[in-house]
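**Q** In case you want the letters, here they are:
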Amino acid sequence: MSDPALAQPLPGQRATLRSRWLAYALAIAVIVILPFVFTDTYWRTNLTVCAINVLLAIGLDFILGYAGQLNLGHSAFYGLGAYVSTLLIVKLGIPFWIAFVAGVAFAGIAGTFLSLFAVRLRGHYLAIASLGFAVIVHQILLNWISLTQGPLGIYGIAPPPAIIIGGVVIADFRNLAAFFYLVAGFAFLSYILLNQLVRSPIGETLTAIREDEVSAASLGINGAAWKVFAFGVGSAVAGAAGCFYASFVGTLVPDAFFVSEAFNILAMVIVGGMGTLIGPVFGAILLTVLPEVLRGFGDLRLVVYGAALTFVVLFMPGGLAQAARVVAEKLGLRRSA
Amino acid sequence: MTTTIVLQQAINGVVLGSLYVLVALGLTLIYGVLVQINFAHADFVTLGAFAAYFFMHLVGGGYILSIAVAFAVGAALGWLINAAIFTPLRRKGNELLPLIATIGVSVMMQNLMLAWFGPIPYAFETQYSSEVIRFAGIFVSWQSVIIIIVSILTIALLYAFMKFTFLGKALRAVAQDRETAGLMGINPNYLIMLTFVIASALAGMGGAMLAPVLVLTPFAGTSVIVKAFAIVIIGGFGNVEGTILAGLIVGLIESYTTQFLDPGLIDIVVFALLLVMLAIKPTGLISERREENV
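One line per chain: the protein sequences are A and B, in this order.
The working numbering applies: residue -9 is where the first sequence begins, and numbers increase by one.
The working numbering applies: residue 40 is where the second sequence begins, and numbers increase by one.
Worth flagging that the hints you see were computed from the coordinates, not collected in a lab.
We put the CB at the ideal spot given by N, CA and C, even for glycine.
Careful, some of the hints might be misleading.
Facing chain B, a subset of chain A residues (Cβ under 7 Å, in silico) [unchecked claim]:
hint: 1; residue: L60
hint: 2; residue: V109
hint: 3; residue: G113
hint: 4; residue: I118
hint: 5; residue: G122
hint: 6; residue: V125
hint: 7; residue: I126
hint: 8; residue: N133
hint: 9; residue: S136
hint: 10; residue: L137
hint: 11; residue: Q139
hint: 12; residue: L290
hint: 13; residue: A297
hint: 14; residue: M306
So the derived label-pair ranges between C-beta atoms look like this [stated by the list, open to error]:
hint: 15; chain 1: B; residue 1: I319; chain 2: A; residue 2: I135; range: 45 to 51 Å
hint: 16; chain 1: A; residue 1: F103; chain 2: B; residue 2: A49; range: 32 to 38 Å
hint: 17; chain 1: B; residue 1: V254; chain 2: A; residue 2: L179; range: 39 to 45 Å
hint: 18; chain 1: A; residue 1: L137; chain 2: B; residue 2: P302; range: 17 to 23 Å
hint: 19; chain 1: A; residue 1: G240; chain 2: B; residue 2: E218; range: 54 to 60 Å
hint: 20; chain 1: A; residue 1: D289; chain 2: B; residue 2: R211; range: 40 to 46 Å
hint: 21; chain 1: A; residue 1: W11; chain 2: B; residue 2: A123; range: 43 to 49 Å
hint: 22; chain 1: B; residue 1: G99; chain 2: A; residue 2: E201; range: 39 to 45 Å
hint: 23; chain 1: B; residue 1: L304; chain 2: A; residue 2: N165; range: 39 to 45 Å
hint: 24; chain 1: A; residue 1: F305; chain 2: B; residue 2: I50; range: 35 to 41 Å
hint: 25; chain 1: B; residue 1: A123; chain 2: A; residue 2: E319; range: 51 to 57 Å
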């Protein structure tokens, strides 16, 4: 580092760094304000559902958009997180946060296991293997009645215990706003973590593997190990979403983790723009809110997921992220890349 | 007694298996020519079943004719999905985008069917379901006999078409090397369209024959497609003989699991077999000289 110019961040870099922190601050402000804007139970519930879906979408995007692995079984890791944490709490009386860690770890390990096994597979084969895994997990949840109570489901799951410091209740998670802050805060932290990961050399490594694994291998990159890593991280995030889902809804039935849920998460990632982290955040929010707004259309509203997925792939494969770039360039807010 | 049960379930398994073969053959044909997966294939099965149902109940047609109607509906859907999804996306050259787009088509079709047909299962009965042949303690319904005859005829016709006609040869040529086939004066786009039409017609007609076995709801195809995926991978993706063999095996597994274990375990057993196959021999029972996915 003899050249001082190299040690200093370039002016452009410094600007992006500053704008990134500015964006983070803005995101915190939005999260804090949202429950004050939406005060009724219905929309506050949707806020938390949005936050859970954001977690699911960024986890899948890390696997699909960055490591280039088409995982059609994301619902399995979501379900494993939910069931493992809940069963630990309900059957063994383990405290919520320990069960939470166990649920996240279990989902992450399951993802690692699946991808270790599927690491020889690419493209379509991995897609079908992960779909098969999701079908098996769903069927096990449905048929292992002595453990999961099968289709009858588990009822009356308690929310996380209130945080009480020195006799003062800091956060009572029976309150919808508090629950939203919990999940949104966790989603925000996960986002920052994943964002730092993809901007680090690890992210560049993953992109190199996604673009051309053989060339990456010729540079000494162990493609298999990094793909397993990405799969494990992405499924652990889905496991966290599952833990929150169970304690938020209070009820667990296997059908909540049917493969169609994996397709909904896929739609969020694709509509938002895979390979960008911010895109799937907005994809998740859009595809959670839109079907609620369209409730008047009955079952027809669920067509939105499929239609959005198909039309985005056909006409704007970069999703909302690409659309935002195009609009910004048109308005001259940003130089074209 | 036990021998009778084993034989009885063997027949049931072969009947079911030959239907899975019809559905899986479509997937494997498309994969063989295009190295692509049409995820909405399952919903062509469902829509074929509904087409047959409404043809019988609204038009008052016979069951055999309703299979032909389902065939035609499947063919039309195959033409449509090729024109709307696969042709425009082929230019982008991304191997996963068409799969993702057809997942969208599948979700769309299922929810449209849900809005129109409702979630309550339709009772699909034919006059052949209750007519039974008894033979040495074994029961075979005429429905099963029709399924076996139609499936064998269809598969034989398809085989003869691929082997002996000019179009069939051209199809195999396109599957082997699209560019060179194009240089030989074969129009690959026309043949790809033809493949989609044939493959989807098989799915539609498979639906009409599966309908009495399935719980006919808008989501009926999903349970079939996951098994069809298992079959094409176990058999070797893109390989016709392997698909037929694997289809019959999965049919037999299903009938024996139902008899001796628990019907709830069918998918678990089939997919465990799929995952084991992927771990040991990802190219399938009969491997095609095609290695790019493994």
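**Q** Hints first: check each against the structure and report whether it holds.
**A** Each hint, compared with the structure:
no., hint, result
1, L60, "holds (5 Å)"
2, V109, "violated (11 Å)"
3, G113, "holds (5 Å)"
4, I118, "holds (5 Å)"
5, G122, "holds (4 Å)"
6, V125, "holds (5 Å)"
7, I126, "holds (5 Å)"
8, N133, "holds (4 Å)"
9, S136, "violated (13 Å)"
10, L137, "violated (14 Å)"
11, Q139, "violated (14 Å)"
12, L290, "holds (4 Å)"
13, A297, "holds (5 Å)"
14, M306, "violated (12 Å)"
15, I319(B) with I135(A): 45 to 51 Å, "violated (32 Å)"
16, F103(A) with A49(B): 32 to 38 Å, "holds (36 Å)"
17, V254(B) with L179(A): 39 to 45 Å, "holds (44 Å)"
18, L137(A) with P302(B): 17 to 23 Å, "holds (19 Å)"
19, G240(A) with E218(B): 54 to 60 Å, "holds (59 Å)"
20, D289(A) with R211(B): 40 to 46 Å, "holds (43 Å)"
21, W11(A) with A123(B): 43 to 49 Å, "holds (45 Å)"
22, G99(B) with E201(A): 39 to 45 Å, "violated (58 Å)"
23, L304(B) with N165(A): 39 to 45 Å, "holds (43 Å)"
24, F305(A) with I50(B): 35 to 41 Å, "violated (50 Å)"
25, A123(B) with E319(A): 51 to 57 Å, "violated (29 Å)"
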